[in-house]
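*Asks:* So the chains spell out like this:
2 protein chains.
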Amino acid sequence: MSDSAARPAFETQLGQSAARMEEVLQQALASDTALLSGAPERLLEAMRHGALGGGKRLRPFLVEESAALFGASAQAAAPVAAALECIHCYSLVHDDLPAMDDDDLRRGRPTVHRAFDEATAILAGDALLTLAFGLVAEASALPAEARLSLVQLLSREAGAAGMAGGQALDLAAETQTLSEAEIARMQAMKTGALLAFAAEAGPILAGAPEADRKVLRRYGEIIGLAFQLADDLLDETADAATLGKAVGKDQARGKKTLPALRGQDWTRGELSRLVAEAESLLAPYGERAETLRQTARFVAFRTR
Amino acid sequence: MSDSAARPAFETQLGQSAARMEEVLQQALASDTALLSGAPERLLEAMRHGALGGGKRLRPFLVEESAALFGASAQAAAPVAAALECIHCYSLVHDDLPAMDDDDLRRGRPTVHRAFDEATAILAGDALLTLAFGLVAEASALPAEARLSLVQLLSREAGAAGMAGGQALDLAAETQTLSEAEIARMQAMKTGALLAFAAEAGPILAGAPEADRKVLRRYGEIIGLAFQLADDLLDETADAATLGKAVGKDQARGKKTLPALRGQDWTRGELSRLVAEAESLLAPYGERAETLRQTARFVAFRTR
Chain A
-12 MSDSAARPAF ETQLGQSAAR MEEVLQQALA SDTALLSGAP ERLLEAMRHG ALGGGKRLRP
48 FLVEESAALF GASAQAAAPV AAALECIHCY SLVHDDLPAM DDDDLRRGRP TVHRAFDEAT
108 AILAGDALLT LAFGLVAEAS ALPAEARLSL VQLLSREAGA AGMAGGQALD LAAETQTLSE
168 AEIARMQAMK TGALLAFAAE AGPILAGAPE ADRKVLRRYG EIIGLAFQLA DDLLDETADA
228 ATLGKAVGKD QARGKKTLPA LRGQDWTRGE LSRLVAEAES LLAPYGERAE TLRQTARFVA
288 FRTR
Chain B
-12 MSDSAARPAF ETQLGQSAAR MEEVLQQALA SDTALLSGAP ERLLEAMRHG ALGGGKRLRP
48 FLVEESAALF GASAQAAAPV AAALECIHCY SLVHDDLPAM DDDDLRRGRP TVHRAFDEAT
108 AILAGDALLT LAFGLVAEAS ALPAEARLSL VQLLSREAGA AGMAGGQALD LAAETQTLSE
168 AEIARMQAMK TGALLAFAAE AGPILAGAPE ADRKVLRRYG EIIGLAFQLA DDLLDETADA
228 ATLGKAVGKD QARGKKTLPA LRGQDWTRGE LSRLVAEAES LLAPYGERAE TLRQTARFVA
288 FRTR
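Here the protein sequences come in this chain order: A and B. For the first sequence, the positions run -12 to 291 when my numbering is used. For the second sequence, the positions run -12 to 291 when my numbering is used.
Hints should not be assumed to be uniformly reliable.
With the C-beta cut set under 7 Å, the calculated list includes, among others, these residues of chain B facing chain A [stated by the list, open to error]: (1) Leu79; (2) Glu105; (3) Leu118; (4) Ala151; (5) Leu158.
Simulated from the structure, these hints should not be mistaken for laboratory data. Virtual Cβ for every residue (Gly too), placed ideally from N, Cα, C.
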């Protein structure tokens, strides 16, 4: 299952995609776009602080790669990838707020409410979320029906039944002890929903059949499960300098994670099992799906 | 310009529309919809607290009436009207937060962060905003192109270049003195953008020509200007029991309004001028636009 030889090349590929996404996001957050022209410069700066200059850009990469598997170009996928990243970043800006996780540091930099102020951070998050739907709707390289499907799915996966709902359940976990099943549900919503969207977006925007949508969606759910397990494991084993954010927070707050409940050996075994399931799902697509396979291994076995 | 005889009938019509919208919103916020099934019940309750049971529902009414002017039914317009109201309500939930206007009372009831908690209010607002775009995208009675145009326009008018941007400028006004031009720009964004969207949504969803979109948009901007002037005037002259919210807040915070700068007589004259402009804009549509004319008079001359 170890894949140390392939990792450097994969990480280069991921880094190149992230650099492209940075440019797409810079253009999407420029002062002269159809969606943003006339916006107050300070609010735009806060949005840029929250969305630019950091992160692995895993979600955009998944959108690009799931689109490529069905023949759609990175260029056609870019507005959807950028929209998803705007939503991911808005959620970080709001999660970091004093009333939520109260974090001062994100990717080694001050969080938006620390660099600006709390009200501006709320509004910058709101505006990033709002922008995302406009970016999908105006993606003129995509058929109208695909754009509408993507807006609907994104609304569901980012909203009360998806990421926002998962965050609400996570907050509830600070005052009550969740069962393993409840933890799994919370994480499937909080982390899994956007990753499932990322993987499913490819076949949707490429006009692939429903059966492919289902396979890619399940693949995205697996990525979500692996991502969260690896994240919780790193929260226990890594240090803040390596991660660029605070660690040991879950434990300090009494939040139970599956690695904390089941132990590190169980967690590593579960991660291997998830990678095997992802590889099995992707087998019918042959060599073309190699990057998605590597993505699963990267997410499960990453060290930062 | 006075229109006291027509008002009771108009207010009945507005009330009937509000009652219909309450039902549409109840259905949109039910636990078993495509967009929300599986959402945590407490978060849904907070969303309902923020969106149901109150308000004049002026924005949905404008969507319905501007759609009717071009032959579209209230049923076809309903999802767009509901989406717009979700966005209006999300903005109230976030504006009421301690880091923003810090209000305990809204429509005579506790604000969402008082009835629930601050984190839940942030997430409920986020989720209402997210839901709105899904509601427009899934409005299957409307042509795909109309839905996409509406998502794009709503993203612009609700985002950094519209309502959220106006709110950011309003916050800045607490620490710096705005010029009259800056106040006008802030209010055109904060209040005007969603009302302009409401009026322009009708011709868009009914597939009317671009020229009609422009007329209705200008009408919506006038409604926005009149709404804000009347609101600021009421903030100076009415009492909290009549309005169901705190009054005199702007003055207490040192925020300048146009009525405060120019006086009540100037304000009443300006309101009459705006109503006359709205009537002139709508003249080509004849009798069919009578409700929109009455709406302008209602907004300008309301007493609560």
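*Asks:* Now tell me if each hint is right for this structure.
*Replies:* Verification of the hints:
| no. | hint | verdict |
| --- | --- | --- |
| 1 | Leu79 | violated (12 Å) |
| 2 | Glu105 | holds (4 Å) |
| 3 | Leu118 | holds (6 Å) |
| 4 | Ala151 | holds (4 Å) |
| 5 | Leu158 | holds (5 Å) |
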